[in-house]
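Participant: One-letter residues, chain by chain:
2 protein chains.
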Amino acid sequence: MNRLSNTSQLLAAAVEELSMLPGIGAKSALRFALFLLDQPLENVERFGSAILKMRREITNCPICNNITDTPICSICTDGKRDSTTICLVESFRDLISIENTGEYNGVYHVLGGLISPMDGVSPSNLSIQTLVERVEKGDIKEVIMALSTTIEGETTAFFIYRKLIPFDIKVSTIARGVGFGDNLEYTDQLTLGRSIARRQPFNP
Amino acid sequence: MNRLSNTSQLLAAAVEELSMLPGIGAKSALRFALFLLDQPLENVERFGSAILKMRREITNCPICNNITDTPICSICTDGKRDSTTICLVESFRDLISIENTGEYNGVYHVLGGLISPMDGVSPSNLSIQTLVERVEKGDIKEVIMALSTTIEGETTAFFIYRKLIPFDIKVSTIARGVGFGDNLEYTDQLTLGRSIARRQPFNP
Chain G
1 MNRLSNTSQL LAAAVEELSM LPGIGAKSAL RFALFLLDQP LENVERFGSA
51 ILKMRREITN CPICNNITDT PICSICTDGK RDSTTICLVE SFRDLISIEN
101 TGEYNGVYHV LGGLISPMDG VSPSNLSIQT LVERVEKGDI KEVIMALSTT
151 IEGETTAFFI YRKLIPFDIK VSTIARGVGF GDNLEYTDQL TLGRSIARRQ
201 PFNP
Chain C
1 MNRLSNTSQL LAAAVEELSM LPGIGAKSAL RFALFLLDQP LENVERFGSA
51 ILKMRREITN CPICNNITDT PICSICTDGK RDSTTICLVE SFRDLISIEN
101 TGEYNGVYHV LGGLISPMDG VSPSNLSIQT LVERVEKGDI KEVIMALSTT
151 IEGETTAFFI YRKLIPFDIK VSTIARGVGF GDNLEYTDQL TLGRSIARRQ
201 PFNP
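If you read the protein sequences in the order shown, they are chains G and C. Residue numbers 1 to 204, in my numbering, belong to the letters of the first sequence in order. Residue numbers 1 to 204, in my numbering, belong to the letters of the second sequence in order.
None of these hints come from the bench; they were simulated from the model. Hints are not guaranteed to be accurate.
In this list, chains with the same sequence are indistinguishable; a pair is considered to hold if it fits within one copy or across any two.
Below, a list of computed lysine to aspartate or glutamate pairs in the DMTMM-like style, where the Cα atoms sit at most 25 Å apart [what the hints assert, rightly or not]:
(1) K27 to E103
(2) K53 to E152
(3) K27 to D38
(4) K141 to E90
(5) K170 to E57
(6) K27 to E16
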């Protein structure tokens with residue numbers, strides 16, 4: 001990298017910025033920079049402005065905390081979705097994963113993280129209060145918790161479950177067990193053990 | 001991706017631009033976009049402007065065709081380098097590879113490609129004429145050809161060799177053979193065969 005900044009500080013600066021991207025080291029960043037250097041100027045301007053426009057204009061939906069280009073997000077404003085069922089997710093990334101399954105037609109609530117005292121994330125840093133307010137308004141029938149099965153995920157789920165107990169709604173969690181297509185031999189003991197303990201009626 | 005553009009066209013546009021980067025598919029591009037979305041605005045602005053500044057302000061050195069921030073590149077203006085020896089490379093990328101070895105103290109000439117009729121690259125598309133003009137001026141003692149051992153590389157080397165014959169200079173090529181640390185068993189037949197044919201005196 002020293003040799004690079006000797007040659008061109010402009011290139012070295014661009015490489016340094018590109019190497020901030022997750023999973024990208026100095027070699028890949030140089031490859032990206034040289035690729036961009038070879039592109040027509042208007043393509044590089046479009047590249048830069050798409051990223052800046054995204055960062056400047058995307059906001060969070062005041063209802064569900066999902067990202068949105070409009071005042072209210074496209075899922076909350078979609079009249080064809082069941083607005084009485086809320087799926088609780090950690091992040092937009094998880095929301096997209098669930099959307100991609102095509103199996104869910106309710107609305108969402110994006111927490112923006114999980115409770116983690118070690119990382120300094122307390123309940124007040126997450127959009128838990130707005131979830132409780134949505135439920136308080138009375139139109140919600142079910143909250144499905146789709147959180148990770150980590151210590152943080154379980155802690156968060158339990159904390160939120162206790163907040164939701166006072167209301168007359170169903171609180172559920174996504175099914176846990178051996179994945180479809182998974183080989184029992186290679187399934188971890190915890191998952192396999194729990195999937196036997198929580199066995200369900202055979203329903204062919 | 002359809003689900004994504006339903007949710008946020010701004011995000012989808014940024015992901016589309018990021019997926020143009022070499023070796024980056026839709027999944028990695030989404031990861032980059034969400035990472036950038038989470039960064040402070042000033043970091044994203046610095047990211048974008050470093051790339052645009054690089055693309056707008058880097059030019060090619062009129063002497064050696066290397067990329068440069070200044071009118072003449074830092075290698076051509078470096079008085080401590082041997083300006084009578086030119087190392088001929090295909091690209092800036094190859095120049096950096098040679099610089100990183102720390103073994104070379106001459107100057108360079110960047111061709112900007114290799115002759116390839118299949119890809120529509122003819123000698124006139126490369127900076128061959130400016131190389132001949134540098135040699136014509138009379139201060140050059142040696143041209144080292146550091147080109148790939150592909151058909152295009154060999155063709156280009158031969159074409160340039162014939163252009164340089166009229167001048168009283170040494171024309172050399174980088175050594176070819178079995179790499180240091182390479183296992184003979186896994187060396188390709190062509191390299192191994194030629195390294196026997198071109199054997200050199202043992203010089204411990």
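Participant: It remains to establish, for every hint, whether it holds in the given structure.
Facilitator: Tested hints:
For a Cα distance limit of 25 Å, the shortest separation of K27 from E103 across copies, 21 Å, qualifies, whereas the shortest one inside one copy, 40 Å, does not. Neither within a single protomer nor between protomers do K53 and E152 lie at most 25 Å apart by alpha-carbon distance, with minima of 33 Å and 42 Å respectively. In this assembly of identical chains, K27 and D38 lie within 25 Å of each other by CA distance both inside one copy and across copies; the values are 17 Å within and 24 Å between. In the homo-oligomer, the alpha carbons of K141 and E90 lie at most 25 Å apart inside one protomer (20 Å), although the nearest pairing across protomers, at 66 Å, exceeds that limit.
In the homo-oligomer, the alpha carbons of K170 and E57 never lie at most 25 Å apart, since the shortest distance is 36 Å inside one protomer and 61 Å across protomers. Taking the closest pair of Cα atoms, K27 and E16 come within 25 Å of each other both inside a single copy (11 Å) and across two copies (22 Å).
Hint check: violations occur at hints 2, 5; the rest are consistent with the structure.
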